[in-house]
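As given, the protein sequences belong to chains B and R, one line each in that order. Under our numbering, the letters of the first sequence match residues 1 to 248, in that order. Under our numbering, the letters of the second sequence match residues 1 to 248, in that order.
Hints may be right or wrong, so weigh each one.
Since copy identity is lost for identical chains, a pair holds within one copy or between any two.
[What the hints assert, rightly or not] Straight line, CA to CA, 25 Å or less: simulated DSS-like cross-link-like pairs of lysine-lysine:
#, residue 1, residue 2
1, Lys-90, Lys-196
2, Lys-196, Lys-211
3, Lys-211, Lys-90
4, Lys-138, Lys-53
5, Lys-211, Lys-53
6, Lys-196, Lys-138
7, Lys-53, Lys-196
8, Lys-53, Lys-90
9, Lys-138, Lys-90
10, Lys-211, Lys-138
Derived from the structure by calculation, the hints contain no laboratory data.
Protein chains: 2
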Amino acid sequence: MDSIQNRRTIRRYTDRPVSDALLHQLLEEAERTQTMGNLQLYSVVITRSEEMKQQLAPCHFNQPMVTTAPVVLTFCADFHRTSEWCHHRKAEPGYDNLLSFINAASDALLYCQTFCTLAEAAGLGLCYLGTTVYNPEKIIEILNLPHLVMPVATITLGWPDEMPQQPERLPLSAIIHNERYTPATTESIDRDYSAKEALPVNQEFVRINQKETLAQVFTDCRYTRSVNEALSQTILDTLRRQGFSFPM
Amino acid sequence: MDSIQNRRTIRRYTDRPVSDALLHQLLEEAERTQTMGNLQLYSVVITRSEEMKQQLAPCHFNQPMVTTAPVVLTFCADFHRTSEWCHHRKAEPGYDNLLSFINAASDALLYCQTFCTLAEAAGLGLCYLGTTVYNPEKIIEILNLPHLVMPVATITLGWPDEMPQQPERLPLSAIIHNERYTPATTESIDRDYSAKEALPVNQEFVRINQKETLAQVFTDCRYTRSVNEALSQTILDTLRRQGFSFPM
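Chain B on its own, in the form it takes in the complex (with noise of 0.2 Å):
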């Protein structure tokens, strides 16, 4: 498929806006993917106003494309909706735990790659926003979220206005594992990680960041334990107060 082959993240768009009737047809139609028990637990905040993306840019890092997308989607994990069918049907739903969240930001992650899918085919650039599930609670705020709703990707989305090299991918070894799992080897790492390593890209990223190696980029600089365990401790806090709660 072309368009999958083809594909780069898209960060700047031109001035021609994305119509509701294309947004609503390609929404619609990733409504196909596989869902638990066809109960589709996962919705979409649509942001297309100046001020509502003013205000989600700080989530985000203040990442120029918040707020220069014609269209910045929400895919949130919700089994507020399902619930309150539940309610409404003499029905009594026991979904606040951490399964419930789990299979319901499944369902979101599967109907947002089958969008992208659709939106990538159709034209549109895209650009998947992991910060998300950094700064949830001020994004549930902002998007008033109700008990059972938790976001969990962003998505911004235009008509493209670059063309970006593609970034390297590690060979198929590094992902596939016949019948059993072998875990990663010195060898492995070497036959893996040495194209990826020796691209003048990454040595230049090495460079920049004053680092000896590739991966300290990523352990010192941009993933940090530090901010990784103080963000792990966000989402579980925000998790409990939507109402997805966890067992000791």
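With chain B's structure known, arrange chain R on it following the hints.
Chain R alone, transformed into the frame defined by chain B:
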């Protein structure tokens, strides 16, 4: 995209084999999926042997597809490989926490969904098994998954030998929210669920389960509070055992 619009879950497969060449091509093409920091925090265990399918089957409540499909794929959230890369490159990984699990699970699910789209576009049929997170500890043991690897999705895959009816989906009004989330109301529940509840297939579902409403089939039979809570404890214990520690 026709293959998405026409998709249905396929549980019966012909005898035609799925070649390694095709399988590897699809798994490699799916690597174009966006991924956190280009780290590709996922892996896939490919099951073809009868013996391994027999071992996996009980983890998925002996659903027949696990043993009758030519291929079973277990998609895993994987910080093992990346952490080993760090260890071999003078870097100290800090990915044994909840945030890192969520990041890796997101990567794995997005990758899985792109793979599903590509496989269905190639004419293959598949069934997504949500049971993966119900019995993770047994799957981990069978597949030899190391520290920082957690199974999050399983796919049974083959050439379709059935053409079931497409299940209904909710109207888009149930899924989307403009600018801010609008919590469900009596009116919105009736608007979004009435057609689903009126379908003969769903009315039959209520009748054979001897329930009063369709929602009760879910709360009282399919996804009950007691099972959800017991499985939440299992997931939490398993995540901790795999090294994704949880703050309190």
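Going down the list of hints, with the structure as the test:
no.	hint	result
1	Lys-90 with Lys-196	between (57 Å within a copy, 17 Å between copies)
2	Lys-196 with Lys-211	within (16 Å within a copy, 57 Å between copies)
3	Lys-211 with Lys-90	between (61 Å within a copy, 10 Å between copies)
4	Lys-138 with Lys-53	within (13 Å within a copy, 45 Å between copies)
5	Lys-211 with Lys-53	neither (35 Å within a copy, 45 Å between copies)
6	Lys-196 with Lys-138	neither (36 Å within a copy, 34 Å between copies)
7	Lys-53 with Lys-196	neither (35 Å within a copy, 35 Å between copies)
8	Lys-53 with Lys-90	neither (39 Å within a copy, 41 Å between copies)
9	Lys-138 with Lys-90	neither (34 Å within a copy, 36 Å between copies)
10	Lys-211 with Lys-138	neither (33 Å within a copy, 41 Å between copies)
Checked against the numbered hints given earlier, this structure breaks hints 5, 6, 7, 8, 9, 10; the rest are met.
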